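Enquirer: Residues per chain, in single letters:
Number of protein chains: 4
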Amino acid sequence: MIETNLPIYYMAVNIASSQFRGIIPPMITPLNNESELDLKGLRNLIEHLIKGGVHGLFILGTTGESTSLPYALRHRLIEETCDIVKGRVPVLVGITDTAVSESLRLAETAKQCCASALVAAPPYYFSLGQPELIEYYEYLADRIPLPLFLYNMPSHTKINIEPDTVEYLSKHEKIIGLKDSSGNTAYFNKLLYKMKDYDDFSLFVGPEEVTAETVMLGGAGGVNGGANMFPRLYVELYSAAVAGDIEKVRDLHDLVMEISTEIYSIGKYGSSYLKGLKCALNLMGLCSGYMSSPLHQFNKEEKDRLEIILKKIQKKIL
Amino acid sequence: MIETNLPIYYMAVNIASSQFRGIIPPMITPLNNESELDLKGLRNLIEHLIKGGVHGLFILGTTGESTSLPYALRHRLIEETCDIVKGRVPVLVGITDTAVSESLRLAETAKQCCASALVAAPPYYFSLGQPELIEYYEYLADRIPLPLFLYNMPSHTKINIEPDTVEYLSKHEKIIGLKDSSGNTAYFNKLLYKMKDYDDFSLFVGPEEVTAETVMLGGAGGVNGGANMFPRLYVELYSAAVAGDIEKVRDLHDLVMEISTEIYSIGKYGSSYLKGLKCALNLMGLCSGYMSSPLHQFNKEEKDRLEIILKKIQKKIL
Amino acid sequence: MIETNLPIYYMAVNIASSQFRGIIPPMITPLNNESELDLKGLRNLIEHLIKGGVHGLFILGTTGESTSLPYALRHRLIEETCDIVKGRVPVLVGITDTAVSESLRLAETAKQCCASALVAAPPYYFSLGQPELIEYYEYLADRIPLPLFLYNMPSHTKINIEPDTVEYLSKHEKIIGLKDSSGNTAYFNKLLYKMKDYDDFSLFVGPEEVTAETVMLGGAGGVNGGANMFPRLYVELYSAAVAGDIEKVRDLHDLVMEISTEIYSIGKYGSSYLKGLKCALNLMGLCSGYMSSPLHQFNKEEKDRLEIILKKIQKKIL
Amino acid sequence: MIETNLPIYYMAVNIASSQFRGIIPPMITPLNNESELDLKGLRNLIEHLIKGGVHGLFILGTTGESTSLPYALRHRLIEETCDIVKGRVPVLVGITDTAVSESLRLAETAKQCCASALVAAPPYYFSLGQPELIEYYEYLADRIPLPLFLYNMPSHTKINIEPDTVEYLSKHEKIIGLKDSSGNTAYFNKLLYKMKDYDDFSLFVGPEEVTAETVMLGGAGGVNGGANMFPRLYVELYSAAVAGDIEKVRDLHDLVMEISTEIYSIGKYGSSYLKGLKCALNLMGLCSGYMSSPLHQFNKEEKDRLEIILKKIQKKIL
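Chains as they are written, first to last, in my numbering: chain D, 1 to 318; chain Y, 1 to 318; chain H, 1 to 318; chain G, 1 to 318.
Warning: the hint list may mix true and false statements.
[Claimed, not checked] Among chain G residues calculated to face chain H with C-beta under 8 Å, some are:
no.	residue
1	Gly52
2	Thr67
3	Thr98
4	Glu102
5	His156
6	Thr165
7	Ile266
8	Lys268
9	Tyr290
10	Ser293
Source of the hints: derived by calculation from the structure; they are not laboratory data.
Since the structure is predicted, the reported quantities are computational estimates derived from the model, not experimental observations.
No residue lacks a Cβ here, since even glycine has one placed at the ideal position from N, Cα and C.
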C-alpha cells in the first residue's frame, strides 16, 4: 500500500457494489460488560477472520447484538473495527434502528471511518405495510452517504420484505443488495429469479444452513455466524459452491450442519444460536463471552457441554 | 411560585404506588421534524390535559412514538414535560428500549426531573421466553431510581407477559403495576383476579375501548390515547365506572366508541389509530401533526375527511 | 303448546332472531371412545343444564370437540340432543368445517331435528382474505335451512372476522349474529358499536372471563364453557349484568374468575381449558371424561389435583 | 402374493420405504362441482403424469384441496385413482384430518385400493404442543395398515414438526418419511443432517422452488405442484440434481422459477399458487378448473392473463 497523507487505514475500500460476494461474517461484538467493548478480543477476532480469508465483515447485525448495545458503544465499535481492519476487507455496518435519526448518525460515523456499506433491517416496533416500508427505505437511502443493503429478518421485525418491494427499492441508486435471514429459500429463490437482470444487486443469505445451496443457484454469498469461529471452512464452502464442485460442497456443508446442530442447540428459547456461538468464541480464547441484556451467556453446565462438543468439531475442521 | 432553594417544579410528586389511578393519557409527542420538539405544542397539550382533569401523564409510550425518536430528544422531552407540569400531576416516563443501558439512562433523567414512575415494555427485537423476560425485568428494576410499571404490548413486542410472570415480578419492590395494551380483557381479568390480594399493584388498560368495563371490574384506570383530545370525557367515564353508575358509563362509553370507530379508522395498515389521533390534535390547534418515521401523517384527502368527522364529534362532546 | 300429530319434541322452537340472549353453554360432547357417544352422560348433562336455567344449548362447538369427531357421530349428536331437549330451550348446532358440503349436510340434519340455529367459524385450513371469507359465508348462508351465527375464533382459524366483514354479512337475512371467542373486547366493543342500529343481530362472547363486562355494555350473552358445570351461576351473572346490579356482578364475576384460574390452568399446551372442564364434569358424575384425539384427558395426578380444587369451588357455589 | 381372481392392478406396489424418491406430484383434484369428480379429467391428468415419468402420485394433499372435499368424494377419489393407475407408479394418499377416525377410514380405503403409503399433516384446529403431536402420530401410526409420511405444513396447521419430534417418530416402524412444505430449507437441512443415519427415512420437499437445492444436498425428491402441468421438466430437474449436473440444474431450476413467478402470482390472498395451477391445467385442456369452496377459480380477466403467460412458458418447455 502506498504512503499518503491520509492515514492509510482510513482509505475507503474502493469496491463496485456488484463486487460484494463471498463470506461476510456477521461479527459478534466482544464485550466486557453492558457498555464496554472487549478491545483485545475485538482485535483477536478481526485478525482471526481476516486470516481466515473472509471477504468482508458485517458489524452491528443481529449476531452483533446491535439492538442491545448503547449508542456510544455502537459508534465506538465502528471506529475501532475500521481502525483495526485498515481497509484489508470491506466493512459493512448495521444501522438498523427504530429511530431513523439514530440510523443516520450511525451511517455518518460509518462514512467517516471509511466503512464500505450499510445494512438496515426494517424498523421493528410498529407494524408496517409494504408501502410504508418502501417510504421508510427511500427516506433512509436518500440521506445516507454509503450504499445500503436491505436486511430481511421477519422473525425479529414482524415484516417480510416482499419480492415486489425488493424489486422496487433496487432501483434506488443507493440500494445495492439484500441479506435474507428468513431461512426460507423458496422466498430467496424468488428474489434471485426476479433480480437476475439487475447486475448490481447482490443477494446474500444469513443462515449458514442454506449458504451452500443458494450460492450454487446464484446467491452472492453467506453472512454466516459460524464463520466467526471457522472462517476458512465457510470460505472454502463458498468457493466450492461457486465452482460447482458438488462433492466438496456436500462434505463441507455436512460440517456446517454439524456445527449448526451441535453448537447452536444448547440452551432454550429463541437465541440458542447466538448464545452457543459467543460461548464457543470465548472457549476458543478469542474474546470475552459476555452477552448483553436481554440475552445471557450459558451457565457452567451448558458451557461444559459446549466445550466437549467444540473440541470434537475442532478436530474435524482444523 | 414560592422561592426556595430547590426549584419548586423539581419537587417530586409524593404519591404512594397504590395511588396511581384514573386517566393517564399516553401523551403524543409534538414534533417539528425528526429531531426537534414542537415546544409550543407541548405546552398547549399539557395545559389542555391538566385542565381536562387527567390523573397523570405518560410520556414516551407507543402513542408518544418513543421508539422512533432520537435519544437526545427523548431526554429533552422528559425535562421539558416535567418542567411544564411542575408537579401538578404525576408524570410517568416510558423507558422501553432494546438496549437496557439506554433505558437506564432515560430512567436517570426521569429521576433528575422528578418524574413519578417509569414504564417499560419488554425488549422487542430478540424473541424471549418468560424466564428471560423475568431476568430482564429484574435486572432493570434492580438499577432504576423510580418505581416501574410493566407494559404488556404483545402485538409490538412479540411476547405476552404471562399472568404467572406478572405475579412473580410484582414481588419486586420497584415493580408497582402493569399497563396492558393487548385489548384482551380475558387476559386482563385473569391479572385482576390473580393480583387482587396485592394491595400495591395497579392494573391499567391501554385501549380506551375497554376502559369502562375494566374499571367497573376493578381496574385502576385507562392509559387512553383519546384522552389527548378529550381529557374530560375520559375522566368522567372513569369516575362513572368507579361509582358504578352504569347508565352514565354506557352513554360515555358510546362516545368513546364513536371516537374509536370514526377517528382511528382512516388510513391503512397497523397505525391508523396513531395517525388519526395526531392529525386530530393538529386540527384542534393544539400542536403540530408531524409524525416521525416510519409513520407518516395523513395526506390532504385523509385530513379533510377527518376534519368533518372531528367537528361532528366535538359538537357532541363539548 | 298445541296438540298436533307431530311429536311435540320435533316442533321448532319459534323464536325471533333477536331473542337469542343469555347463557348458551357450548356443550361438551360426552364420549365413550373415539366414535361412540356416552348417551347416558348426554342425558344427564342436558337435564343438568336445563335445570340450571340456561337460555339455550350450543352443540358441536370448539368445546364440543366438533372438529375431532367422526361425521356419523356429529349427526347422531344432533339427533340425540334435539330428542332429549324436546324444544325446552333453543338448540344451536355448530357446522364449522373445512368442507362446505359437510357443513351443509350437518345443517340439513339440524333442520330435520328442529334445531333453532346454526353456528359456523371460518374454514380453518387455507388462509383466506376477508373477501374470500365473505364469499364463503354467502355461499353457505344461501344454502342453509336455518339462521346462522358467525363464529370468530382467530386463534384456531387463523383469521379474524373483521368488523366491516361482519357488518356486510349481517345484511344477509340468514345471518343473525356472531359469537366472538377472541377474548379481545376492544374488538367486540367495536362490533357492538357498529351493529347497534341492526336490531336483529345478536353478539355473544365465548370466554366466560368477559361475559360480565360485555353484557353490561350491550352484549347478548355468553357462550361460556363453565356453564356446563355451574349453569345457574352463569345465568345469575348474566341477569345481574342485564339489570346493571354491579355489586352482584362483581361477586359472581369473581367466582367465574376463580373457576377460570383454578380449573382451566392444570395441564399444559393450548387446551388446558377444555381438558379441565371435561375432567371436572366427569368428577361431578355427569358424564364420561373421555377426550377425542388429538387431545387427551388428564393423567391421575392432574385429575387428583383438580378434584381438590373442584370441591373447594363447589362449596362456594352450591 | 398368491394368485387370485383379483385383477392384477390391485396388487400392491411392492416397494421398500427407502425407495420412495423423485418427483411425486401432489395431484390436483379435478372436480365438476362441490361434490362430483371430473372423472374424464382425472383420467387425462393421471395419464399425462405417468407419461411424464413421475415417480409416484400424491392425492388428497393441500394441492388436491383435500380438506375442502366431502368425505364420500375423498374415498371415491382414492378408488378411482388406484383403479386408473393400476400399479404403474406408487400412489400416496393424504389422510390429513382433524378427526382421527376419519383419517383411519381413509387409510382403510387406501389399503383396500392397494395404495402404497399414507401422508398426514398434524390436525389443524386445536393448537398442540410437540408432546401432543407425538401422541397423535403414534395413535395414528399404530392403527394404519400402510406406511406413513409425516407432512410438515406450519402455515396451514399452526405447528412446526420440530426436528427432535421427527427423529423420535422416525423410530416407529410405520413412519417412513416426511414431506416438508415450509419452504424453510434451514429447517429441512437440519432434518437431513439429523436423519442421515436412518436409512429408511425419506425427506421430501413440497415447494418446487427448493427441489433443486435440496435434492443436490441429499433430499429424496419433490412433491411439486408444477409437476401437474409439466411432469417431464421436474423429473429432469430431479435427475440432474441427483447426478450433480449443476449446469443443467441451473437451467431447469430457472424454468421452474419462471413458472412459480409467473403462474402462481396472479390473484390475491394465500392461495394464488393453487388457483393459478388449477386454472393452467384447465387451459391446457387436461381437466375442469372448478375449485371447491372456500377457494374460487380465477375470473375471466385473470384467466386471460394466465393464458398468455402459459403459452409463453409452454413454448420454452415443450
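Enquirer: Now look at each hint and say whether the structure bears it out.
Expert: Evaluation of the provided hints:
1. Gly52: This hint is violated: G/Gly52 lies away from chain H, its Cβ roughly 27 Å from the closest one there, beyond 8 Å.
2. Thr67: Because about 4 Å separates G/Thr67 from the closest Cβ in chain H, which is inside the 8 Å limit, the hint holds.
3. Thr98: holds (4 Å)
4. Glu102: Holds, about 6 Å.
5. His156: holds (6 Å)
6. Thr165: violated (14 Å)
7. Ile266: violated (15 Å)
8. Lys268: holds (6 Å)
9. Tyr290: violated (13 Å)
10. Ser293: Given a least distance of 4 Å, the restraint on G/Ser293 holds.
In this structure, the earlier hints numbered 1, 6, 7, 9 are contradicted, and the remaining ones agree with it.
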